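Protein sequences appear in the order of chains E and B. The first sequence begins at 247 in our numbering and counts up one residue at a time. The second sequence begins at 11 in our numbering and counts up one residue at a time.
Derived from the structure by calculation, the hints contain no laboratory data. The reader is advised that the hints may include incorrect statements.
What the hints assert, rightly or not - Listed next, the in silico SDA-like pairs over lysine to any residue satisfying Cα-Cα at most 20 angstroms (straight line):
1. K433(E) with Q457(E)
2. K330(E) with N523(E)
3. K43(B) with H123(B)
4. K65(B) with F615(E)
5. K60(B) with H368(E)
6. K646(E) with K121(B)
7. K643(E) with K65(B)
8. K489(E) with G438(E)
9. K282(E) with N326(E)
10. K43(B) with F505(E)
11. K65(B) with D614(E)
12. K643(E) with I39(B)
13. K330(E) with E484(E)
14. K330(E) with I319(E)
15. K646(E) with W31(B)
16. K384(E) with V372(E)
17. K121(B) with D596(E)
These numbers come from a predicted model, not from an experiment.
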Amino acid sequence: MLDIERIRTDFPILTRKVNGHPLVYFDNAATSQTPKQVIDCIVEYYQNYNANIHRGVHSLSQEATEAYEDARIALQKFFNAGKKEEIIFTAGTTHGINLVANGFASEIKEGDEVLVSALEHHSNIVPWQMLCEKTGAKLQVIPMTEEGELDMNGFQTLLSNKTKLVFVNHVSNALGTINPIKEIIEKAHKVGAAVLVDGAQAAPHIQADVQALDVDFYVVSAHKMYGPTGVGMLYGKEKWLNKLPPYQGGGEMIEEVTFEKTTYAGLPHKFEAGTPNICGGIAFGCAINYLLDLGMDKIAEYEDELLQYATKELLEIDGLKIYGTSKKKTAVISFNIKDLHPYDIGTIVDKLGIAVRTGHHCAQPIMDFYKIPGTIRASFSFYNTKKEIDTFLNAVKRAKIMLS
Amino acid sequence: MSNIKQIQEEIVDEFSMFDDWMQRYEYMIELGKSLPLIEDQYKTEDKLIKGCQSKVWVNAEMEDDKVVFTADSDAIITKGIIAILIRVFSNQPPQAILDADTEFIDEIGLKEHLSPTRANGLVSMIKQLKMYALAYETKAN
Numbered sequence: 247m248l249d250i251e252r253i254r255t256d257f258p259i260l261t262r263k264v265n266g267h268p269l270v271y272f273d274n275a276a277t278s279q280t281p282k283q284v285i286d287c288i289v290e291y292y293q294n295y296n297a298n299i300h301r302g303v304h305s306l307s308q309e310a311t312e313a314y315e316d317a318r319i320a321l322q323k324f325f326n327a328g329k330k331e332e333i334i335f336t337a338g339t340t341h342g343i344n345l346v347a348n349g350f351a352s353e354i355k356e357g358d359e360v361l362v363s364a365l366e367h368h369s370n371i372v373p374w375q376m377l378c379e380k381t382g383a384k385l386q387v388i389p390m391t392e393e394g395e396l397d398m399n400g401f402q403t404l405l406s407n408k409t410k411l412v413f414v415n416h417v418s419n420a421l422g423t424i425n426p427i428k429e430i431i432e433k434a435h436k437v438g439a440a441v442l443v444d445g446a447q448a449a450p451h452i453q454a455d456v457q458a459l460d461v462d463f464y465v466v467s468a469h470k471m472y473g474p475t476g477v478g479m480l481y482g483k484e485k486w487l488n489k490l491p492p493y494q495g496g497g498e499m500i501e502e503v504t505f506e507k508t509t510y511a512g513l514p515h516k517f518e519a520g521t522p523n524i525c526g527g528i529a530f531g532c533a534i535n536y537l538l539d540l541g542m543d544k545i546a547e548y549e550d551e552l553l554q555y556a557t558k559e560l561l562e563i564d565g566l567k568i569y570g571t572s573k574k575k576t577a578v579i580s581f582n583i584k585d586l587h588p589y590d591i592g593t594i595v596d597k598l599g600i601a602v603r604t605g606h607h608c609a610q611p612i613m614d615f616y617k618i619p620g621t622i623r624a625s626f627s628f629y630n631t632k633k634e635i636d637t638f639l640n641a642v643k644r645a646k647i648m649l650s
Numbered sequence: 011m012s013n014i015k016q017i018q019e020e021i022v023d024e025f026s027m028f029d030d031w032m033q034r035y036e037y038m039i040e041l042g043k044s045l046p047l048i049e050d051q052y053k054t055e056d057k058l059i060k061g062c063q064s065k066v067w068v069n070a071e072m073e074d075d076k077v078v079f080t081a082d083s084d085a086i087i088t089k090g091i092i093a094i095l096i097r098v099f100s101n102q103p104p105q106a107i108l109d110a111d112t113e114f115i116d117e118i119g120l121k122e123h124l125s126p127t128r129a130n131g132l133v134s135m136i137k138q139l140k141m142y143a144l145a146y147e148t149k150a151n
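Make a model of the complete structure from these sequences and hints.
Structure representation (structure tokens):
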């Protein structure tokens, strides 16, 4: 059992007040809060060993390089990658997706097909549209069901030997649905297609094993995993990373440069041009260790308890509808109240100190599917409590009275 | 007919009666409900300002040298603020609309709704009101 009261003391921000009320932070799917262990790690870096990495012979540079590479190993272990060279530091999930999409421009051609799921975040739609525009490949959409799940029969129908790539998120950011990625990967591989899984929403809740999944690419962001913003990870199978061209040119990613020709550095440096977010990478590793110390199974179990409780209590509110009713969900609840606009409810609960997301959650195709302008999305973390959910329920009820 | 400055002062006066945000919001919600709706024929794509959070429709017409605005939103709080803005800007000569500012919104404690990061369409709406005024002013000259 997690000691939630103790865990809450790790997060300084949770003691602050917003609009005169104690903060209730239910926007964890947008960004998670940072424990003091990670904050300390950032301070420690700048106070003690701030230096550029991989190049300097001096001691500070050595220390920074070691800490950065240790973070890479922490990520490798967390996701069970076969080699540390398969872990590329990025600026975040969107960067990782663009890196792969850009690389695939030389791998696909007109007439090929690219499958993307209907449950995607815009960041996992737009780069592929751009890729298709550039190459003449066709973008196909894996349909979704009323429950907010992927229509697996529809997926099967779309697969063919023309399919070269499949992109799907592990967990939908707007609805919280956990997608059957293992099955998707198996089926895609049968027709010879590569699969990129956007793990941004899943990673703080579910520990993906990239080898067991046999996934080709898996991308995440540190800031949704209790780490800092501006840093993320791309896992790629070694054979793919060797095959894809570099994304950006610059320092760090070269072996030898003359004006006639440059030879690129090996993995992972080939994809890490320029001075990276060194402190961010190190702090990311620290956040990973924080999660492992708590235990991913315990986190998932407790968050599910919060999800079940909040779902049950919210459904007691007259006229409330939850979007995304899959049995397999992370702790995300997207909902609306009949005749009320999500923006209005979001505005009033904010006045009561509660942070939730309102709007289309950068997933307009899902909102179009349900024919709604947006939803209110409450997303929970292990530092949230049932008492906070009660506060939220009261705030929603108050908003409903005010707005009706 | 009062000028823009006088109307703004009236509104600031009215809001000073409220003790807390709840009362202010309840009043705004009431205003939102009483807003003369834009006629359906004007609720078209070209009159629509798409905010990330809420939608706003605005229409303008010239009547006796004054610009008359009608507007609507799908969110009631946004609509309440529109009602306040319409009260200030509608039925005014184009030049007065162009010269006016919206600082009174800060004074009545609703500043956050006019923040560009709020993405509710209101900032674009004010720009749109001024664009209409500018168009009519240019036409008149």
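For each hint, the structure was consulted:
1. K433(E) with Q457(E): Distance ~16 angstroms between K433(E) and Q457(E) Cα, so the pair holds.
2. K330(E) with N523(E): holds, 18 angstroms
3. K43(B) with H123(B): Given pair K43(B), H123(B) holds - Cα atoms ~18 angstroms apart, limit 20 angstroms.
4. K65(B) with F615(E): Holds, because 18 angstroms separates the two Cα atoms, which is no more than 20 angstroms.
5. K60(B) with H368(E): Holds - the C-alpha atoms of H368(E) and K60(B) are around 17 angstroms apart, at most 20 angstroms.
6. K646(E) with K121(B): violated, 23 angstroms
7. K643(E) with K65(B): Distance ~24 angstroms between K643(E) and K65(B) Cα, so the pair is violated.
8. K489(E) with G438(E): holds, 16 angstroms
9. K282(E) with N326(E): Status violated; Cα separation ~26 angstroms.
10. K43(B) with F505(E): Roughly 69 angstroms between the alpha carbons, so the hint for K43(B) and F505(E) is violated.
11. K65(B) with D614(E): holds, 15 angstroms
12. K643(E) with I39(B): holds, 16 angstroms
13. K330(E) with E484(E): This hinted pair holds, its Cα atoms lying about 10 angstroms apart.
14. K330(E) with I319(E): holds, 6 angstroms
15. K646(E) with W31(B): Distance of about 16 angstroms is within 20 angstroms: holds.
16. K384(E) with V372(E): holds, 13 angstroms
17. K121(B) with D596(E): holds, 15 angstroms
In this structure, the hints that do not hold are numbers 6, 7, 9, 10, in rising order.
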